[in-house]
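Use these hints to put chain B onto chain A, whose structure you have.
Letter by letter, the chains look like this.
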Amino acid sequence: MGSIKFSKEELERYSRHLIIPEFNIEGQRRLKNAKVLVVGSGGLGSPLLLYLTAAGVGTIGIVDFDLVDETNLQRQVLFSVDDVGQSKSASAIKRLKGLNPHVKFIEHNTRLTSENALEILSGYDVVADGTDNFPTRYLVNDACVILQKPNVYASIFRFEGQVSVFNYTDQNGNTGPNYRDLFPTPPPPGLVPSCAEGGVIGVLPGIIGSLQANEVIKVVTHIGDPLSGRLFLFDALTFETRTLKVHKDPTQESIVKLIDYQEFCGIGQEADDTPSVKEVTVRALEDMKDSGEAYQLIDVREPYEYEIANINGVLIPLDQIADQVDQIASDKKVVVHCRSGVRSANAISLLEKKFGFTNLYNLKGGILAYADEIDNTLAKY
Amino acid sequence: MARIIIPTPLRKFTDNQATIEVEAIDIRESIHALSALYPDLKKQLLDDTGEIRQFVRIYLGDEDIKVLNNEKTPVTEDAVISIVPAIAGGIA
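Those protein sequences? They're chains A and B, same order as listed.
For what it's worth, this note's numbering labels the leading residue of the first sequence as 1, then goes sequentially.
For what it's worth, this note's numbering labels the leading residue of the second sequence as 1, then goes sequentially.
Bound-form chain A, shown alone (with noise of 0.2 Å):
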């Protein structure tokens, strides 16, 4: 390690790193002989990146295939209005290269699939998980297991955060839990938030993620206790924080191979949950409106997404419709849409099965259809 050599410009931008009596400038090598892999750029990402980057790590490495949108741009501080429509990994390296000229980047600007995982992750000594679904983390979570690389997950969901260090192996050699000892299957998708459900509270990646890279920083200069074998949770709205156990678990078989995640997830599966019904399109709803027809829309999302943009539905969130039931005609067309068109199915589904409806028709596409077809002036979210 001492043959690392750092510049004058090196040694005076990271000096008070190296004025930690136990950081000194043995870490300082470690971090910059250190090849840090962070999987996707985006909320927890963005933290995550920038602190890595400045701190000085050697090596970087950005996995992520996404465009940088507009929506992003409300916690992922990474980016700016000008990356809009731009890769994500090419932008973050730009905007990093600036923070930091010491730091050597690679770009994976692919999806990170069972096909490359492997051959991906093993270029790098650590991996940082900051993805957004649970398909890619169990595959980031078998991949370090098989390549015996640690893996500092950080998760976030509206005010919730969760943080730790798995399959990390000690001085002494032993490996503590993986994703698995803790989550040994994911949740079914019908179980998890919906589209309407979703969303996360701007800072939270911001606390989070930056907890994520103290825990990558600890890991890659051996100070202080990894978060290994335990689960750290933060609540933003209570400010409760718990740092809970986590065990390795007996009866959890080895991971030897890649799977496919998608289908251990459920993935796919929900399309055929989506029950088959009627449907007219966009343009279909225009030529109604414009021949004055006789029709009714209405509109199932929630309160606070009509806020956000409304085409005139009578809005009954999907949790009411059967108490709200008189509110929908029978004697004429009705078209009922949602954001993107499943709530507005299995509404249709339960009216049509429950009331006997015949004259039920879903908007194809939702709301997001007609902001992209009819109305652009219709904020998309």
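Calculated directly from the structure, the hints in this document are not laboratory data.
Mixed in with the good hints, there may be bad ones.
[Stated by the list, open to error] In silico lysine-lysine, DSS-like type, Cα no more than 27 Å apart, as pairs: (1) A:245 with A:218; (2) A:354 with B:43; (3) B:42 with A:353; (4) A:245 with B:72; (5) B:66 with A:245; (6) B:72 with A:354; (7) B:12 with A:380; (8) A:278 with A:364; (9) B:42 with A:97; (10) A:218 with A:97; (11) B:66 with A:248; (12) A:5 with A:97; (13) A:364 with A:353; (14) A:353 with B:43; (15) B:42 with A:354; (16) B:72 with A:248; (17) A:333 with A:354; (18) B:12 with A:354; (19) B:12 with B:42.
Then chain B, alone, in the frame of chain A:
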């Protein structure tokens, strides 16, 4: 009364209550008392056979009930029970 901390994703089933107090002698009674108060929460926590689902962990204090006595773990008056669900982020 034991205090059960409800995680954010499940609060829509508890009228947005972050903590619920229940009278119970063990974890099983606590979860069933909670399910009786909020029936919609039941299918989130328990499978068809009444077992706690695999993507939900139950903690007593800072310890996983799996390494205690599972659902038969006794609960004291001042116990804090945490329900910890798997969360994945934005897309979930």
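To see whether the hints hold, each was checked on the structure:
For the given pair, residue 245 (chain A) sits about 19 Å from residue 218 (chain A) by alpha-carbon distance, which is consistent with the 27 Å threshold. About 22 Å separates the Cα atoms of residue 354 (chain A) and residue 43 (chain B), which keeps this hinted pair within 27 Å; it holds. At most 27 Å may separate the alpha-carbon atoms for a hinted pair to count; residue 42 (chain B) and residue 353 (chain A) meet this at roughly 25 Å. A hinted pair counts as satisfied when its Cα atoms are at most 27 Å apart, and residue 245 (chain A) with residue 72 (chain B) qualifies at roughly 19 Å.
Taken as a hint, the residue 66 (chain B) and residue 245 (chain A) pair is honoured in the structure, with Cα atoms around 11 Å apart against an allowance of 27 Å. Between the alpha carbons of residue 72 (chain B) and residue 354 (chain A) the distance comes to roughly 41 Å, so the proposed pair goes past 27 Å and is violated. Distance hint between residue 12 (chain B) and residue 380 (chain A) is fulfilled; the C-alpha atoms sit about 24 Å from each other, no more than 27 Å. Taking the CA atoms of residue 278 (chain A) and residue 364 (chain A), the gap is about 9 Å. The hint holds against a cut of 27 Å.
Annotation: proposed proximity of residue 42 (chain B) to residue 97 (chain A) is violated, straight-line Cα distance about 50 Å (limit 27 Å). Under the criterion of a C-alpha separation no larger than 27 Å, the hint pairing residue 218 (chain A) with residue 97 (chain A) is consistent with the structure, at around 23 Å. Proposed proximity of residue 66 (chain B) and residue 248 (chain A) is supported: the alpha carbons are some 11 Å apart, at most 27 Å. A C-alpha spacing of about 20 Å is found between residue 5 (chain A) and residue 97 (chain A), which places the hinted pair at or below 27 Å, so the restraint holds.
Pair hint residue 364 (chain A) plus residue 353 (chain A) holds up; C-alpha atoms about 20 Å apart against a cutoff of 27 Å. Our distance criterion of 27 Å between C-alpha atoms is met by residue 353 (chain A) and residue 43 (chain B), whose separation comes to about 23 Å. Between residue 42 (chain B) and residue 354 (chain A) the CA atoms are separated by roughly 24 Å; this keeps the pair inside 27 Å, and the hint holds. Between residue 72 (chain B) and residue 248 (chain A) the CA atoms are separated by roughly 21 Å; this keeps the pair inside 27 Å, and the hint holds.
Taking the CA atoms of residue 333 (chain A) and residue 354 (chain A), the gap is about 18 Å. The hint holds against a cut of 27 Å. At roughly 25 Å between alpha-carbon atoms, residue 12 (chain B) and residue 354 (chain A) fall within 27 Å of each other, so this suggested pair holds. For a cut-off of 27 Å, the pair hint linking residue 12 (chain B) to residue 42 (chain B) stands: about 13 Å separates their Cα positions.
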